[in-house]
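Student: If you want the building blocks of each chain, they are given just below.
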Amino acid sequence: MGFDRRSFISLVVGGAVGTTLTPVIWKTLDDVSIWSQNWSWIPRLKYGEEGKRFALCKLGADAYGIKIKTIAGNPVVAEGDPDHPLSLGGICPLGAASVQLLYSPSRVRNPKVKDGNTFKDISWEEAESLLAEKIKAAGSDIAMVSGDETGSVTDILTGLVGQAGSKNAFLMPSESGPAAQALALLGGDGQIGYDLENSDYILMLGADVLGSWGNVTRNGKAFAAGRKKDAQYVYVGPAQNGTAAVADKWVPCAPGTEAVLAMGLAGVIIADGGGRPFWSGFSQFSQFVSSTYPLEKVAQITGVPAETIKELAQTLGKAKHPLVLTAAGASQGLGAFEAVAGMCLNMLLERINETGGVRVLPWNPRVIDAAMEHKNLLANDLVAYLSAIADGSASAPAVFMIYGANPAHSLPNLAKVQAALEKADFLVSFSSFMDETAALADLIMPDSYGFERLDDSYSPYGSAQPLYTVAAPIIKPVYDTKPAGDVLLSVASAAGLDLGFDSFEDVVQAKAEALGADYDDMVDGTAWVGTEFPVQDLELWSTPLREIEAPVADGKSLALAPVVRLKIGSSKLATPPFGTNAIRYDEMSGREMYVLVNGVTAKNLGLQQDDAVKLTSASGECQARLRIFEGVMDNTVVAPLGFGHTAWDDFSRGKGDNVFKLLPASTEDQTGVSRFATVQVVLGKA
Amino acid sequence: MSSAYWPEGVERCSAGKFLVWLAAISVFLAWGGYAAFQIFSNGIGVTGLDNYFGFGLWITFDLAVIALGAGAFFSGFLRYIIRIDELKNVINLAVIVGFLCYSGAMLILVLDIGQPLRAWFGYWHPNVHSMLTEVIFCITCYCTVLIIEYVPLILENRKINQNKFCHHLAHNFHVYMPLFAGIGTFLSFFHQGSLGGMYGVLFGRPLVYREGFFIWPWTFFLFISSAIACGPAFTMLCGTLMEVITGRKLISYKTKALLAKISGLLLCFYIFFKILDTYAWAAGILPGMGLTFDEMFSSEHGYGKGLLWAELFWFGLLPAIMLVLPQVRKIPALMYLAAIMAAIGVTINRFVFTVQGLAIPVMPFDRWTTYYPNWAEWSTSLMIVAYGFLVMSLSYRYLPIFPQEVELNKQA
Amino acid sequence: MQAIEFKVKWGMLVNLDKCTGCGACTVACRAENNLSPEVEAGNKLRTNDWMNIYELSNGEPFPHHEVAYLPRPCMQCGKPSCSTVCPVVATTKDEEGGIVSQVYPRCIGCRYCMAACPYHARYFNWFDPVWPEGMEKTLTPYVSARPRGVVEKCTFCHHRFMAAKERARMNDEDPTQLAEDAYIPACAEICPTGAITFGDLHNPDHEISKLVASPNAFRLLVKLGTDPQVYYYSEREWVRKLGDNYLKNDKGGENV
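Those sequence lines, one after another, are chains H, R and Z. Per the working numbering: the first sequence ends with 686, consecutive numbering throughout. Per the working numbering: the second sequence ends with 1098, consecutive numbering throughout. Per the working numbering: the third sequence ends with 1354, consecutive numbering throughout.
If we strip away everything but chain H, and leave its shape as in the complex, we get (with noise of 0.2 Å):
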């Protein structure tokens, strides 16, 4: 065989050409590039035509219009809603993610009772049936929680609980049950409001206003707008935090004690010449503050240097529309006391029902004879119920229900809350989640996801107008659940008690009736403002004049404080699925928390950055990893709450660890007032 030079070249290039040639390469390159955009794995995109619907969100405290964008029909990507007063168009980090919640891995996907340590599925009628006859069975020896402040569904269950004879009807603890017991002490009557909008001076005495007080959304529009005319913003609490971050000054104050702050802010202003000798309740009001508060006392308790106190005080007086807003850190945990201290200086300083100042709003209106007025309903103590059953004090109920709360991870005093919660005979969950109370639950009967069934809300704590919200349902029942407030009238006509409702719809169409609203406007999501505000008659505090509880340093133990972070969840929800991202790596690290203190405090403690600490209360413990942040006071730790999750899904369970378990719960004196807002604790290594 010849081969020569010719022979090689013809070879190589003819075999380079020929295989460019053949249609194979190219068209197994062209499939390949095709497969690799359409993996069968990777979901396809569904097409369709786009809609907007009105939802209401109320998966943090507060209860605000949203706008649903729809895809041929299926909700997809929540929005503000320009056009409701607590979003103008603005949303919390839950709220962002409400949409995808529909579909969370801890929906209770159909009703459930406990079978030894497991579930077993049974069906609505079974359920309801059950619960009817346990409902018959105890009589008036029943009990109720809610964590829905707003909403007409607490009223069907108060209603309920109160047809069968019993007063056992709670709320979760929140701000507004110590503000009505604050407003009542002195007086008032009605659900306090702030009037944001219109102030030019807001002294936040430990409110985290952008961060979890209040009306959330709106309290952040209130300020972008505030900050275009030059309102001025000091916030007072022991640490820096978003709120902290934009405002004009943080003023540092020991956790705890932002209403001794007030006390003190208060004698200086009557010192300078404030306030009216014939104002009722002046002369007393006066002389216990002068005498109980002298400055440096006052100083000393919070941290705060006595020049500031004074300046404070000035900026105050000297403000056209200043405003007070006094709160536990973490927005829940104070007593009335506290809440008397901060109204009494907005008294002073003559904000009450005043342009920028506060409002008194009227209460939601009882549609259902036998529910609870919303008035008792805050003033009865859910803490110190559970913990008197824990200790024996009081006997457990026989059928206990929870509906939109997490009372057995989100409570302080845990331990016992989780104890009574157990001991009840009967215990029954409303959530639509897996969450920490159904696991314990006897019987879950799980209620429609917020989108899912028609809900209403009646001026969540904070807003400055009487303001009724009532919101379609955008969906049908993704899984076989049922609407709360639907079942429960059901099962009580069966079990023989008769709220003069058939249907939730009635009781909410009831409610809009009342307040004069038109229901058919509303379902689209147009709220109802009310534009009337009781006249009051307040005196300044004057009994029962006491001391306000402070925390006691002890030169060892750092103070707690407690913070809220909607992105990792509420006292209603866990960090849902569209959540974990927005937690930063200083915040969490793998699946530890972090907890805060400055440079001087770990040195002190001979701690550094990341090293992995234990938190040791009276009450727990707690495990996380340490960071050092110069922005929170000597001697105290910040630690965030909503982690610690023992049920829900693997967004949450297992990360960081629940600092409700380090906090105590004390019964302050005379008002039966659970307060919780801080703790002493031991940090060390762990």
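Worth flagging that the hints you see were computed from the coordinates, not collected in a lab. Predicted model, so just to flag it, every value in this text is computed and none were measured. One thing to keep in mind: the hints can contain errors.
[As the list claims (entries may be wrong)] Below, computed lysine-lysine pairings styled on DSS-like, alpha-carbon distance capped at 25 Å: (1) H:LYS69 x Z:LYS1263; (2) Z:LYS1308 x Z:LYS1321; (3) Z:LYS1235 x R:LYS991; (4) Z:LYS1263 x H:LYS46; (5) R:LYS991 x R:LYS947; (6) H:LYS249 x Z:LYS1105; (7) Z:LYS1177 x Z:LYS1321; (8) H:LYS297 x H:LYS310; (9) Z:LYS1321 x H:LYS228; (10) H:LYS229 x Z:LYS1308; (11) Z:LYS1177 x Z:LYS1105; (12) H:LYS167 x H:LYS416; (13) H:LYS320 x H:LYS249; (14) H:LYS416 x H:LYS661; (15) H:LYS52 x Z:LYS1263; (16) H:LYS52 x H:LYS476; (17) Z:LYS1321 x H:LYS476; (18) H:LYS46 x Z:LYS1235; (19) Z:LYS1346 x H:LYS52; (20) Z:LYS1235 x H:LYS69.
Given the structure of chain H, go ahead and fit chains R and Z onto it with the hints provided.
Tutor: Same frame as chain H, but now just chains R and Z:
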């Protein structure tokens, strides 16, 4: 019986021994293969790479072996174009080492890119402004050239060569070898440079960004010179390692010393400019970015200045001086040591440019991060090393790579 | 490569004196752009966060410490460090509007663009995205779901730009003269404190074109020459100073 397949006149170990050796190599191949399977079926998430370190051990490995594999093109260049005849004794070895380095790097790249099925997009949708496009072009083309250079070696196997067609084919390949060497040199110069250019153009990365000449940043030239400086030394080291493993003399010491001398001279050239470049960078580029030299290092995170001093002096200047000194080259241990140091130096250089460049926080509020390669990256990298040993073992056993072998061992 | 000058140049300005770092923008962005929910988001070196929030500190100890939050979308650089290096033209800056594109079906996943971007605005899909069962029904029709192995990043909600232009054409308006509210990315739209302003930097009717002229407006790492289209705003000097690297006693730079 198998001796019929061996090159003429040489001794090779027994088939049993050889199989044990292959089995040992296969362990690494299997481990890496398992990792590769995990990577292809689950995604690159199984590695230790992350959003800050999109490049890590794999890219460092690739750049290092490509630099060390530069012995192939540069020896080819010197042998066929400059006509340094002495190098005919190592040219086969250089070609195989080069082929292994380049094909290994390409295998790693297939693992490293997120969409290996789209690897050819570099040809179909090229961005002519990207240094990486040039790298893709040149590396793949050069790898083809290396295959073309390797094929005639295979054809020279005693049995294969008995086939007339193969014999002629091999002969013709040899005739055209200077042409391929020329193409290889051209391609190699460019991609070695482009690999450096890839970093030099990253104006968002203060550690690696460089000014330069026309469109080529200085790193373009530094990468070429460091590669051609280390390539011959590495080829020489490979040959020596084979001598150690096989216990036979394969290359004359004279040839080795020549390779070492070439490396030494080029290393001197390189390190001079590298030091100049480092100074110009620290004094010119960094201040312009508002940064200081000190801010480029963090020993707390594993990226201290020690690495730079090691690269420049202990594994740069020192081996350069050692290799140019005839006195040092006369002492085998010192010469080998210097060659190893040079190889380490270029590896450190590639590591620093790849990993440390990404570890430095550029936004003032960002943080230093540390990268740890995990088992999936180590095992696949070792798989490539094992692949190199495998091919080299087979080549050594069956192909006439070392023209001096018969002679040298006769003398012994 | 020569930077293209555009008639319309979309820009964003984040007022850091209003941002509380709440995270709503991050969440809204995920939902809008079909980023999958991540179980192990605690390892921030592996997450996919088109809108990532950083905490800024003035570096002083208590009680002189100050804090600010900085949301970081893609800077849509005028002279991108990323698109120029992409070997396969999977990311470009060549469309009117000046948004840096990202073509998922084109990307080969080499991550060279990630190495190039000093803002860490680019993210790699280390694994295939996973939506819990049923949750894929909440995918928007705007952005296709990306498989593993490709790089992605913020696109200023480019699909909203397309939709706005389409609407303008339907209404016989000039799509190159969109009204200020005709096109706004999801993050800017939902921010509860209204910290984010968005608009055409070249359109004098858009608020942003005035805001960026303020002495308090600044951009990140301009010294590198990236020419970002995302601006920040703060009246606090220490915040502005964190926008770039400065040598000691170095006063220069944008508005510092």
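Student: If you draw a straight line from the CA of LYS1263 of chain Z to the CA of LYS46 of chain H, is it 25 Å or shorter?
Tutor: 22 Å, holds
Student: Take a quick look at whether LYS46 of chain H and LYS1235 of chain Z sit within 25 Å of each other, Cα to Cα.
Tutor: Satisfied, since the Cα-Cα distance of roughly 8 Å is no more than 25 Å.
Student: Please verify whether LYS1321 of chain Z and LYS476 of chain H have alpha carbons no more than 25 Å apart.
Tutor: This hinted pair is violated, its Cα atoms lying about 55 Å apart.
Student: Does the structure keep LYS1308 of chain Z and LYS1321 of chain Z at a Cα separation of 25 Å or less?
Tutor: Holds - the C-alpha atoms of LYS1321 of chain Z and LYS1308 of chain Z are around 23 Å apart, at most 25 Å.
Student: Has the given pair, LYS52 of chain H with LYS476 of chain H, been kept, meaning a C-alpha gap of at most 25 Å?
Tutor: Measuring from Cα to Cα gives roughly 16 Å; hence the hint holds.
Student: Holds or violated: LYS1235 of chain Z with LYS69 of chain H, Cα cutoff 25 Å?
Tutor: With a Cα-Cα distance of about 13 Å, the restraint between LYS1235 of chain Z and LYS69 of chain H holds, given a limit of 25 Å.
Student: Going straight from one Cα to the other, do LYS69 of chain H and LYS1263 of chain Z come out at no more than 25 Å?
Tutor: 20 Å, holds
Student: Check whether the Cα positions of LYS991 of chain R and LYS947 of chain R lie no farther apart than 25 Å.
Tutor: With a Cα-Cα distance of about 30 Å, the restraint between LYS991 of chain R and LYS947 of chain R is violated, given a limit of 25 Å.
Student: LYS249 of chain H and LYS1105 of chain Z: Cα distance at most 25 Å?
Tutor: 42 Å, violated
Student: CA of LYS297 of chain H to CA of LYS310 of chain H, is that 25 Å or under?
Tutor: 13 Å, holds
Student: Quick one, are LYS416 of chain H and LYS661 of chain H close enough, alpha carbons at most 25 Å?
Tutor: It holds: about 10 Å lies between the C-alpha atoms, which stays within 25 Å.
Student: Are the Cα atoms of LYS1177 of chain Z and LYS1321 of chain Z separated by 25 Å or less?
Tutor: 12 Å, holds
Violation of the numbered hints given earlier is confined to hints 3, 5, 6, 9, 17, 19; the remaining hints are satisfied by the structure.
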